[in-house]
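*Asks:* Listed below, chain by chain, are the residues.
2 protein chains.
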Amino acid sequence: MGPVPRTLELFYDVLSPYSWLGFEVLCRYQHLWNVQLQLRPCLFKEILKESGNKPPLVPRKAQYMASDLRLLKQHFQVPIHMPKDFFPTVLRKGSVSAMHFLTAVNMEQPEMLEKVSRELWMRIWSRDEDITEPGSILAAAEKAGLAAEQARGLLEKISTAPVKNQLRETIEAACKYGAFGVPVTVVHMDGQTHMLFGSDRLELLAHLLGEKWMGPAPPGVSAQI
Amino acid sequence: MGPVPRTLELFYDVLSPYSWLGFEVLCRYQHLWNVQLQLRPCLFKEILKESGNKPPLVPRKAQYMASDLRLLKQHFQVPIHMPKDFFPTVLRKGSVSAMHFLTAVNMEQPEMLEKVSRELWMRIWSRDEDITEPGSILAAAEKAGLAAEQARGLLEKISTAPVKNQLRETIEAACKYGAFGVPVTVVHMDGQTHMLFGSDRLELLAHLLGEKWMGPAPPGVSAQI
Numbered sequence: 001m002g003p004v005p006r007t008l009e010l011f012y013d014v015l016s017p018y019s020w021l022g023f024e025v026l027c028r029y030q031h032l033w034n035v036q037l038q039l040r041p042c043l044f045k046e047i048l049k050e051s052g053n054k055p056p057l058v059p060r061k062a063q064y065m066a067s068d069l070r071l072l073k074q075h076f077q078v079p080i081h082m083p084k085d086f087f088p089t090v091l092r093k094g095s096v097s098a099m100h101f102l103t104a105v106n107m108e109q110p111e112m113l114e115k116v117s118r119e120l121w122m123r124i125w126s127r128d129e130d131i132t133e134p135g136s137i138l139a140a141a142e143k144a145g146l147a148a149e150q151a152r153g154l155l156e157k158i159s160t161a162p163v164k165n166q167l168r169e170t171i172e173a174a175c176k177y178g179a180f181g182v183p184v185t186v187v188h189m190d191g192q193t194h195m196l197f198g199s200d201r202l203e204l205l206a207h208l209l210g211e212k213w214m215g216p217a218p219p220g221v222s223a224q225i
Numbered sequence: 001m002g003p004v005p006r007t008l009e010l011f012y013d014v015l016s017p018y019s020w021l022g023f024e025v026l027c028r029y030q031h032l033w034n035v036q037l038q039l040r041p042c043l044f045k046e047i048l049k050e051s052g053n054k055p056p057l058v059p060r061k062a063q064y065m066a067s068d069l070r071l072l073k074q075h076f077q078v079p080i081h082m083p084k085d086f087f088p089t090v091l092r093k094g095s096v097s098a099m100h101f102l103t104a105v106n107m108e109q110p111e112m113l114e115k116v117s118r119e120l121w122m123r124i125w126s127r128d129e130d131i132t133e134p135g136s137i138l139a140a141a142e143k144a145g146l147a148a149e150q151a152r153g154l155l156e157k158i159s160t161a162p163v164k165n166q167l168r169e170t171i172e173a174a175c176k177y178g179a180f181g182v183p184v185t186v187v188h189m190d191g192q193t194h195m196l197f198g199s200d201r202l203e204l205l206a207h208l209l210g211e212k213w214m215g216p217a218p219p220g221v222s223a224q225i
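Heads up: the sequence lines are chains A and B, in that order.
With the first letter of the first sequence counted as 1, position 98 gets the number 98 in the numbering used here; the numbers rise by one all the way through.
With the first letter of the second sequence counted as 1, position 54 gets the number 54 in the numbering used here; the numbers rise by one all the way through.
These are computed hints drawn from the structure, not numbers from a lab.
Backbone N, C-alpha and C fix where the C-beta goes; we use that ideal spot for every residue, glycine too.
One or more hints might be untrue.
[Said to hold, decoys possible] For each label pair, taking beta carbons as the anchor points, the in silico distance ranges come out as:
1. B:190 <-> A:59: 55 to 61 Å
2. B:212 <-> A:49: 39 to 45 Å
3. A:189 <-> B:66: 16 to 22 Å
4. A:128 <-> B:3: 34 to 40 Å
5. B:192 <-> A:189: 54 to 60 Å
6. B:164 <-> A:173: 39 to 45 Å
7. B:190 <-> A:147: 36 to 42 Å
8. B:160 <-> A:191: 39 to 45 Å
9. A:164 <-> B:128: 43 to 49 Å
[Claimed, not checked] Every beta carbon over 10 Å from chain A, so not counted as near; a handful from chain B, in silico:
10. 54
11. 56
12. 59
13. 60
14. 63
15. 67
16. 68
17. 75
18. 115
19. 136
20. 198
21. 200
22. 203
23. 204
24. 215
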């Protein structure tokens, strides 16, 4: 029997492109490191609200984000592409239904969570497609491999108390760890808990775990995208 | 004759701990990569002002910064230590004289800029010592190897027009590249310019340059600290 795997919780929202980058890297490394990855869908806007974090809209910062994502796309090998009207439209429309849907997937068919999350990101952050309409969410779910009937069944549950409560609990858990944005990776190891913010602490995560860092796209791990 | 080295400009302020991390990594890699590093002392607060960036003071963010720096300290091998009263006192006191002093050093004894910058960071961000009083700046300069008389001569120049103008020009150059904070690394290569923000785009920088990334503390490079 090998050493007990360390648990990594990843709190994310498909509205966040940096969440996508962190998600893909952890999905790749979960097969290489002695870790157990727990995907924790939550709501970016609620975390901002509860932490009192109101980042100002700085034009230069928005411009930088576009060029940053263009460079990170190649380096991370994630087909990220900035939606045309991200700040005025996409960000405002939000991801409330999508994140409730992922919460329902996690409760009923957790083995599908990774794929459905990825297909939602592919819509919003690669092909500039909607993720707020029921038809958009169903299309992502079916593309991920859920049967149409299953997907509709899960979609019907997004406004039920158990799903709402579960999403609320996940947001509260992230806040308890000190989150003020997403993604947040929480490392449980040696009786300690470390919270890492963003998608640019992954080499630091490897250092903490005593595992080997081979860049955001480690060779030999076939891309899931 | 080998290929022409690419130029990297590093815009920094000793008030910023993430500037220190970026500075040390680039000082190490300048000996390993085919690059020419230009250190560009500037003023963090002026860049915030000119870009309209007013980050809110979020208690959880301040807490995270303390734990983030504790982890990065080991990983980067930089003896960074959060000053006791950073947000209420140190940040408010600022770095105006220190950054004017570094500008004067850069104009008159550029070969000393790296060492004097490091000694100022050692004061504020390692030993929780003042950097605003003339005596503090002189102590850092002497520790870096400047003769007492030279250091006093440079200190006398910090309120002269040439030094003030040079610092203003450097701030404007950073803004022209799109800066909204520090550190900022500007890469000049193949007729293109890329602006990278923060101390967590250094692996991306290696990727851009086509150079090898060996972590923030590459083996075989003796630490200057």
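*Asks:* Each hint needs a verdict: does it hold in this structure or not?
*Replies:* Against the structure, the hints:
1. B:190 <-> A:59: 55 to 61 Å: Once the Cβ atoms are compared, 27 Å apart, the range 55 to 61 Å for residue 59 of chain A and residue 190 of chain B is violated.
2. B:212 <-> A:49: 39 to 45 Å: About 43 Å separates the Cβ atoms of residue 212 of chain B and residue 49 of chain A, which means 39 to 45 Å holds.
3. A:189 <-> B:66: 16 to 22 Å: Distance hint for residue 189 of chain A, residue 66 of chain B holds at roughly 20 Å.
4. A:128 <-> B:3: 34 to 40 Å: holds (39 Å)
5. B:192 <-> A:189: 54 to 60 Å: violated (42 Å)
6. B:164 <-> A:173: 39 to 45 Å: violated (51 Å)
7. B:190 <-> A:147: 36 to 42 Å: Violated - the Cβ-Cβ distance for residue 190 of chain B and residue 147 of chain A, about 50 Å, lies outside 36 to 42 Å.
8. B:160 <-> A:191: 39 to 45 Å: At 58 Å between Cβs, range violated.
9. A:164 <-> B:128: 43 to 49 Å: holds (47 Å)
10. 54: violated (5 Å)
11. 56: violated (5 Å)
12. 59: violated (7 Å)
13. 60: violated (4 Å)
14. 63: Per Cβ check, residue 63 of chain B is inside 10 Å of chain A; nearest 6 Å; violated.
15. 67: The claim breaks: residue 67 of chain B does not keep its Cβ more than 10 Å from every Cβ of chain A (closest is about 7 Å).
16. 68: Violated, because the least Cβ-Cβ distance between residue 68 of chain B and chain A comes to about 7 Å, which does not exceed 10 Å.
17. 75: Given a closest Cβ separation of 5 Å, the condition is violated.
18. 115: The claim holds: residue 115 of chain B sits with its nearest Cβ about 28 Å from chain A, beyond 10 Å.
19. 136: Given that every Cβ of chain A is farther than 10 Å from that of residue 136 of chain B, nearest at about 32 Å, it holds.
20. 198: With a cut-off of 10 Å, residue 198 of chain B comes too close to chain A, as the shortest Cβ separation is near 8 Å.
21. 200: Not fine: 4 Å to the nearest Cβ puts residue 200 of chain B too close to chain A.
22. 203: violated (7 Å)
23. 204: For residue 204 of chain B, whose nearest Cβ neighbour in chain A is about 5 Å away, the distance does not exceed 10 Å, so it is violated.
24. 215: Non-interface label on residue 215 of chain B violated, nearest chain A Cβ at 7 Å vs cutoff 10 Å.
Hint compliance for this structure: hints 1, 5, 6, 7, 8, 10, 11, 12, 13, 14, 15, 16, 17, 20, 21, 22, 23 and 24 are not met, and every other hint is.
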